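Chain by chain, the residues run as shown.
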Amino acid sequence: MAPTRREFLKIAGVSAAGLVLPPLASVFAGAQAGMPAAGGVAPTGSDPRSALTAKRWGMVIDTRKCRSGCTDCIDACHIAHNVPNFGNPKDEIRWIGTEKMAHVFPAETHPRIPESIKSLPIPVFCNHCENPPCVRVCPTQATFQRADGIVMMDYHRCIGCRFCMAACPYGSRSMNFRDPRPFIPKIDPAFPTRTKGVVEKCNFCEERLAQGILPACVIACSEKALSFGDLEDPGSDVRRVLDGKFSLRRRQELGTGPQIYYIL
Amino acid sequence: MKLYNRGIILAGIVVFLILASGPFWYGRGRAVSPPDLKLDTPAIEQLKEKLCVEPAPYMRANHMRLLNDWRDSVVREGKRTYTAADGKVYKISLTGTCLECHSNKEQFCDRCHDYAGAKPACWDCHIIPEEVR
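Just so you know, the protein sequences line up as chains C and Y, in that order. In terms of my numbering, the first sequence opens at residue 240 and continues consecutively. In terms of my numbering, the second sequence opens at residue 902 and continues consecutively.
Everything labelled a hint here was simulated from the structure, so no lab data went into it. Please note that the accuracy of each hint is not assured.
Derived CB-CB ranges, DEER-like [said to hold, decoys possible]:
no., chain 1, residue 1, chain 2, residue 2, range
1, C, E331, Y, E978, 30 to 40 Å
2, C, P350, Y, L968, 27 to 37 Å
3, Y, S1004, C, N324, 21 to 31 Å
4, C, I452, Y, R966, 26 to 36 Å
5, Y, R966, C, D482, 29 to 39 Å
6, Y, A921, C, D418, 50 to 60 Å
7, Y, E978, C, G496, 17 to 27 Å
8, Y, G928, C, N324, 41 to 51 Å
9, Y, G913, C, E446, 35 to 45 Å
10, Y, N969, C, G436, 17 to 27 Å
11, C, E246, Y, G988, 51 to 61 Å
12, Y, D1015, C, P408, 39 to 49 Å
13, C, F247, Y, F917, 26 to 36 Å
14, C, D418, Y, L968, 39 to 49 Å
Owing to the predicted nature of the structure, the values given are computational and were not obtained by experimental measurement. We put the CB at the ideal spot given by N, CA and C, even for glycine.
Here chain C stands alone, though its shape is the one from the complex (with noise of 0.2 Å):
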């Protein structure tokens, strides 16, 4: 027997009111309990008096202060930031190496260039490129950029692919091939390790700026051969450095943009 037109209203409005209801009362529910809501977490900016801000983060990095053989900056950013040493360059993770000039500045080497130059232990970092192919190939914006300039790495993101290691004309990443945490000569507790797994690179010491210090490396040089600081400000380290000598970046030609300035 079919229900009336007036059953069958009556039965749709009841169905109606009860999809709507019920949620509807917990929402005032957990109004009246004072519950903070799901997800409605809004915290506060980072600590404005202590933090290092920039409007967009460069190095300067003076190539004729490093001493050969010295690895001060290396050891400082690796001891800071757990970086393993497996002992074998196959495996090998580095945030800072070094290379010869030949490898840095390809197009810029030349065969009439003393061989003082030639020789130079020449620093190399993640450029933190204005135009990061890195992060253009991420599929999972596990590496992204900052307002900052800072290109970061979001470990808990990484699935591994290694796209940005194949995307860096630099060379700058590393592959966690296997479980770092044995290979870490002194786990510093301030700062987690990586996984097997995620890939990783030099992240300009963003945990250190947050809190008002300046990068590992910068602080470790004895020389001061690294210089750091905003480049939209004139009056910062890096434009002072820059002002006053001729500078090159790694691989201008490929258009990346690289925020480390080297002068040889």
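Let chain C serve as the given structure and place chain Y on it in line with the hints.
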């Protein structure tokens, strides 16, 4: 209806049902007591008011969501402080803030995660200060 190999098939079905329902029969009538979480760490003993960043029932139900929000807040947005519902401001840090009080990870985090069958990957990277010291 003709069923070929009736004996083997029926025996197979019976064996499958016994195996598949085995765990339910095995655990029948046994109550696993909820884990006994320890809140007696030195840092918690020293607190005047024994409160977490948010009320305990909220933390019990939503700590994983809160931690996810903390993670995104620090890594993606660069915001390193958390303002609780009561207005108190906390530094966002798993190792620094959470484990400062809950320094007994094995008797607190692990016991409940084991009971609930949860396998969070936090500790693959984040450091348990007790293990390093």
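Status of each hint after checking the structure:
Between E331/C and E978/Y the C-beta distance comes to about 32 Å, which sits within the given range of 30 to 40 Å. Between P350/C and L968/Y the Cβ separation comes to about 58 Å, which falls outside the hinted range of 27 to 37 Å. For the pair S1004/Y and N324/C, the supplied restraint of 21 to 31 Å holds, since their beta-carbon distance comes to about 29 Å. Taking the beta carbon of each, I452/C and R966/Y are about 31 Å apart, inside 26 to 36 Å as hinted.
Taken as a hint, the range 29 to 39 Å is violated for the pair R966/Y and D482/C, whose Cβ atoms sit roughly 49 Å apart. At roughly 36 Å, the beta carbons of A921/Y and D418/C sit outside the given window of 50 to 60 Å. Hint check: E978/Y to G496/C, Cβ distance near 24 Å, so the stated range 17 to 27 Å holds. In this structure the supplied range 41 to 51 Å holds for G928/Y paired with N324/C, their Cβ-Cβ distance being about 48 Å.
For the pair G913/Y and E446/C, the beta carbons lie near 60 Å from each other, so the given range of 35 to 45 Å is not met. The hint said 17 to 27 Å for the Cβ distance between N969/Y and G436/C, and at roughly 20 Å that hint holds. Between E246/C and G988/Y the Cβ separation comes to about 55 Å, which falls inside the hinted range of 51 to 61 Å. Under the hint 39 to 49 Å, the C-beta atoms of D1015/Y and P408/C, about 47 Å apart, fit the expected range.
Distance hint check for F247/C and F917/Y: the Cβ-Cβ separation is about 47 Å, which falls outside the suggested range of 26 to 36 Å. Distance hint for D418/C and L968/Y: a CB-CB separation of about 23 Å, inconsistent with the stated range 39 to 49 Å.
Hint compliance for this structure: hints 2, 5, 6, 9, 13, 14 are not met, and every other hint is.
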